[in-house]
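Top to bottom, those sequences are chains G and H. All residue numbers in the first sequence are consecutive under the numbering used here, ending with 435. All residue numbers in the second sequence are consecutive under the numbering used here, ending with 1429.
Be a bit skeptical, because a hint or two may be false.
To be verified - Calculated lysine-lysine pairs in the DSBU-like style (CA-CA distance at most 35 Å, straight line): (1) H:K1116 x H:K1076; (2) H:K1076 x G:K405; (3) G:K405 x H:K1116.
These are calculated hints, taken from the structure and not from any lab test.
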Amino acid sequence: MREEREDFAHLELGPGIELYLNPTPRFKTTRIDIFLRAMLQPRRNTCIALIGRLLERGTRRLPDLRAVNSFVDCLYGAVFGVEVESLGNWQVIHLFMEVLDAQYLDRSTGNLLSQGIDFLHEVLREPAQEEGGFRRDYLRQEKAALRQQIDALFNDKTLYAQRRCLEAMSRGEPFGLSPLGDPRDFRGIRATSLLRFYFDILSRHPISVFASGNLAEGIIRRWEEFFDWERRAAPLELPTRAESQAIGGPRWICEHQEVSQGRLVLGYRTPIRLGDPEYPALALFNLLWGGDSHSRLFRYLREEGGLCYSIFSSLDPLSGLLFVTAGVEEEDGEAVFRGIEAQLEAIRRQEFAPAELEAVRTLLLDRLESLADDRAGLAQFYYRYSLVCRPCSRRQFSARLAAVKPEEVSRAASTLELDTLFFLSRDRAGARFGA
Amino acid sequence: MRGQWSERLREGWYRQVLAGGMPFYLLRKPGFFQKSALLAVDFGSLDRQMILPGGEEQVALPAGIAHFLEHQMFHKPEGNIAEQFANLGAEIEADTTFTHTTYSCSGVHHFEESLKLLMELVFRPHFAPDEVAREREIIAREIQLSGDHLEWNSYFAALDTLYAGQPLATDIAGTLESLEQIDGDLLARCYQTFYQPANMALFVCGDLDPGALGELVETHLSRLSLDGRMAGRRFGRQVLAPTDPERRRMVLPVVLPHRCLAFADRKVGLWGTPLLRRELALELTLDILFGPASRFYCRRYEEGLIEAGSFGFETNVESWFSFCLISGEAREPERLVEAILEELRQARRNASIAADFERSWRKSYGHLLQGFDQVEESVQLMHSAVSCGAEPFDFLTAHELLTEAEVSDCLETCLDPERYGLVLIEPSG
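Excised from the complex, chain H in its bound form:
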């Protein structure tokens, strides 16, 4: 077992690699009542190919398969395993992203039992045809429910402007058509390929003893008899090449027109702390130029050009793709788009970054420290770091190493006012 202590945070994490190659991390928080665990499987909506167990046959996977599998894992011969978590007083959640499927549980008592149950959840697959059929119906309803959701529609349309037709631009849950191609057999084969210990990681946070917990997890894993299971092989993920940015237009039952500008980052393929630094640089750039303390935000808010509740930005930075989105509702949508672009042009010419770097850096650093004050946030932070090839406290290192030049560079290599995708959403009726 190895670990790291941060004098800055007054926190320490421990790491042990379990049999089968699964890393297990624990962040100790003495005196806290709640405990939280997150089990991450390296399988997400981007993964649309695999090699079947026992052979060389390559199979293309339909959209939504990882998300479907996430839903299906809750079904066990004895019923829905969520009820067993409830009996322990534990909350259980699952989520599928572009790159991972995560299962999180938290509670105060019986945490060791909940942790064992979490392993049962992912290591005891069960694919009964009638339950698969039922889950297909439920997911179809899930897809339909998000059909009139403004931000959801805007988000995936924005990805489509940058990565037209690629898996990244497809709804993580898939489509009604792709769902029809998913059956129990395919789910089982995906399970064998991706749900292998070497393809997973476990993160825990709370007032717990690392040695005792590591032993408990190790013992329970061996009881689940994972040796000798047939395993398929995953396809290595490729770095996604953005296409020439495009426009998308749609009509939704909303109040005001909505615009989203999408920017593909030219710096991709990073890994480890450099990747964390890139993400941080983009976040700071956006905060300096468009955040609530920025000149743009305050001036445009006073003018009434931006609506505080809807205007915002986000960034998603991984090794295989990286992009930024700036969006909001506006009564004068074309003026909003032009104002954003003009701000980016000006930023390249003047010293906006230098003037506000310190303020934005302090805010980001403070928020990072505060994140480690919550057990559920802590396991997410650890997962974020490790899935990027870094260690949990490397977020601190990234902050300490970050320079103004790295932030300014984002204006040249990502937030280019000459190269952006645009989503236009108009109100119906």
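Only chain G is shown next, with the shape it has when bound in the complex:
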């Protein structure tokens, strides 16, 4: 790799607060990512989903949606958002902001970054409140909006099929809980207790901050001041590894809808996790199998077989789950299923040419290098490693990838066990294949 220095300078700002700094002059904006995490738990996941939405609704000085959105626009199109996502068994509130560097404007605007950081501080510490709780009208509106967001998943048939497969796979395991929560929990969630719950998380749960851009001198001091609120001395310790239960035989789920094309999703489990020594081999296996348009699934099932337009594999490295998703006509379902399993078997038996492995290795190494220009992706890369408490730099990961041997890829493939087949189709009888 060209880069000589590490991506981020890493320091602990306080108990449970980590700061990652990447000073670089080549971007026109400064990007900030703040991650606050909790374990995925029933009912709490709904609370956190609502909190994520409420943080975008207003602050003490910008008390409504129009005030917040106007402020952000007036900062020359600063990008601002709060997302709630699930990573393994964790649920993460992710605030992000990108602010333009004022030197690219010909008007005097003051220090835009400073205004942006002040704004983020208010979003976190002073969300719009009334009588000791979140604003009740906002909570009511966000419950309705969240319900709609959950329902709308139904519209994207591919995403819906993936979600259903994931839920079916989970045997009460946290990864089956949605980061959007469950509307059945709404009734018991009140504005005052929700705000107390939020401030409790904020004061005790781990927080990671990433800042990248034309960072001025004194940026560390700025962030120390940012988090200068009372934090209890002992931050919460959260588990670092998502364990998986043993499974018994693949399960079949068929669902009927008037879809234009069937959606097949296969869910596999592996004991390998991000941070494990075997993980680089697993990442290469995923890319080789179905990771992209040069993968084996694409080549054999689409290009040669003409059986699908869309077929790909995806890996959740924190939960140890792999999925293959395909758009298939009913009559081709069985052939596609057998084709997917056949390619998996071929990789297990190391029936791939060295050149194939080199191609995916080169691609993955190049993608890692290009992360240097993708600050959002860079923050996500390092954050995931911090979740499993196995710090790993890009450079270290690249070195491990470069050293993976073909037999290690085969071994990684051999750890896969098929857990669930999910097929969404027009066929009312529910085609079953693969038994």
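Fit chain H to the known structure of chain G by using the hints.
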């Protein structure tokens, strides 16, 4: 080689016209790791006529031909060329729009090799009958996959309300019927007509030397022996005349009713910076009236009339057509439509535009500057400008010249609450 430096952006682009008439643009980004290239062919789903090579015979082209050709270009005698890109660690993508077919690649290392491969991709045609047949099957599946896609269906139905039965309103991939009319012979003839250097442009962005790269591209092009190839002639594109707006209704497996209002822009036939200004004016009008910081959006969101995840708008402005769409899901769809129309009526009467112009302008300007921070976005921006007859930094000029009056004018000449197409999508079951 000529170019332009922007003091505002601290960026510079270079331009060289290659043999055969293909313009080559480079935006230098010192210190960046990734490099990106985009090769654009001036051939899209609107192009449904051509004159055959060597004669005067005029041929009508079936829907989906440009998209089919895009798929077919990946097939070479030695196999699918995507694998060779992968061997170089490069990502390769292709896309067909109404007016262009674009091939983009990006990577960190071996970029010069990837660039040569990109030229091989478009300048070495290969039409084996069995591969054409296979690709026809794959595209048929692609068309079927989008059959239950809400936004895709809504979009083309909306175009059909404004341009009923015209190529613009047809799925870019064509239909299952039109696919049957496409064979290797027709693909080859289209290739000869449209895939000519004078009908293309190459855009590159990254930490690269313009002189050296220009020479590399020029040398490789000459190795591909493009002189003396038989070429057909394209038909000049006509400015599309919208028809009287209509309604379309459909039923899909979705959760809530969905509505889309479509507005045809009366100002068409523009070119260069005036075209960029028109596009910008429409974008700002829509953002001021219906964007996340607008009075409409915030009030209707609080009421629960709009769903934040689905409500939105878009505009597509070219020389030959220009339109705006406003759409969203709603539990009370008729109330949503009426609220949008009422907002447009009010906007003509009061000073909404003036009050929010500065905010919306700042947002748009900021986003433009940020776009030039990514190499993949930069090549797209350059292609956008040049395909409109402008130069890459003319987007900045358009922002600097834009007036409130131009934005207000959009209310009279495009977003007319008395003249709109409407798509109604109802949930099945």
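So, going through the hints one by one against the coordinates:
no., hint, result
1, H:K1116 x H:K1076, "15 Å, holds"
2, H:K1076 x G:K405, "31 Å, holds"
3, G:K405 x H:K1116, "31 Å, holds"
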